[in-house]
Amino acid sequence: MAEDSNFQHLDDDEQRLAKRHTTPRALIIHEIIRDEGEQELQRKPGALALSGLAAGLSMGFSFLTEALLTARLPDTIWRPTLASFGYAVGFIIVVLARQQLFTESTLTALLPLFTRRDRKTLYGTLRLWAVVLAANIAGTWIFAALLHAPGLFPPAVTPALQALAAKAVAGSFASTFVRAFFAGWLIALMVWILPSAQSSRPLIVLLITYVVALAQLSHIIAGSAEAAYSVLSGAATLSGYLGNFFAPTLLGNMAGGIVMVSVLNHGSIATEIGEKLEADSRTG
1 MAEDSNFQHL DDDEQRLAKR HTTPRALIIH EIIRDEGEQE LQRKPGALAL SGLAAGLSMG
61 FSFLTEALLT ARLPDTIWRP TLASFGYAVG FIIVVLARQQ LFTESTLTAL LPLFTRRDRK
121 TLYGTLRLWA VVLAANIAGT WIFAALLHAP GLFPPAVTPA LQALAAKAVA GSFASTFVRA
181 FFAGWLIALM VWILPSAQSS RPLIVLLITY VVALAQLSHI IAGSAEAAYS VLSGAATLSG
241 YLGNFFAPTL LGNMAGGIVM VSVLNHGSIA TEIGEKLEAD SRTG
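Counting in the numbering used here, the sequence shown runs from 1 upward without gaps.
Derived by calculation from the structure, the hints in this document are not laboratory data. A couple of the hints might just be wrong.
As the list claims (entries may be wrong) - Computed beta-carbon distance windows for the label pairs:
{"no.": "1", "residue 1": "L214", "residue 2": "A47", "range": "32 to 42 Å"}
{"no.": "2", "residue 1": "L126", "residue 2": "G151", "range": "17 to 27 Å"}
{"no.": "3", "residue 1": "K44", "residue 2": "D75", "range": "29 to 39 Å"}
{"no.": "4", "residue 1": "P154", "residue 2": "F85", "range": "14 to 24 Å"}
Please read all numbers here as calculations on a predicted model, not as lab measurements. Glycine included, C-beta positions come from ideal geometry on N, C-alpha and C.
Using the sequences and the hints, build the whole thing.
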């Protein structure tokens, strides 16, 4: 082993220990995520829908926890800085519980498509996106409706919920698209980082989603709970939900996730993948 290894000054046991602490190569991370995508493409629509519904409900806790922190903290300039940590709660639940979140699927389901590029995989990817997105959105609307139950929270929480919800539908199409682009970029990067994070996964999720909240970026699922709450409380209309939030946020998240991460990260190792496929075909 010592002759083939780059750890020339270590014995065999030390080399094995060193390799366990080495960051995986980009190709290894790519294949881990691609394999997850392959498994997702094989899942039944019913299973995808239930997992997606659970994820949508879980993401509502990002909205709720941020509002609870906002209501509890004094009204100072630094209150949003601390309250933004609450935004990470829903994402941590979804990631650790392995629930199906749409913005994760923009990366995991695309890698099999980029590798094979056939009609069957394209259909499977579109089916996965449609089922998961619909289930996620349904979950956020159910959660938003539950938040309107009378007497559920102290009186100070309702204004905090309303203030956060109003921001989700307040921006123009262009500004929301740009904020969603960066959110999609960050969340897809998070998915790319997680395979090498090991025990640090919750911390990675916390840090990246905290940036999303602190920068007031727009996420299609977390933001849907906020926007739906605004519609159900009468502060916004359904057309406002669709035009000011849903459409620009969906397009921006997909552009950020697909273009900036899936295409660029996959493209950086596409040649290496092609060479391995060629070698496998020759030996096969």
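Checked hints:
no. : hint                    : verdict
1   : L214 x A47: 32 to 42 Å  : 35 Å, holds
2   : L126 x G151: 17 to 27 Å : 43 Å, violated
3   : K44 x D75: 29 to 39 Å   : 49 Å, violated
4   : P154 x F85: 14 to 24 Å  : 20 Å, holds
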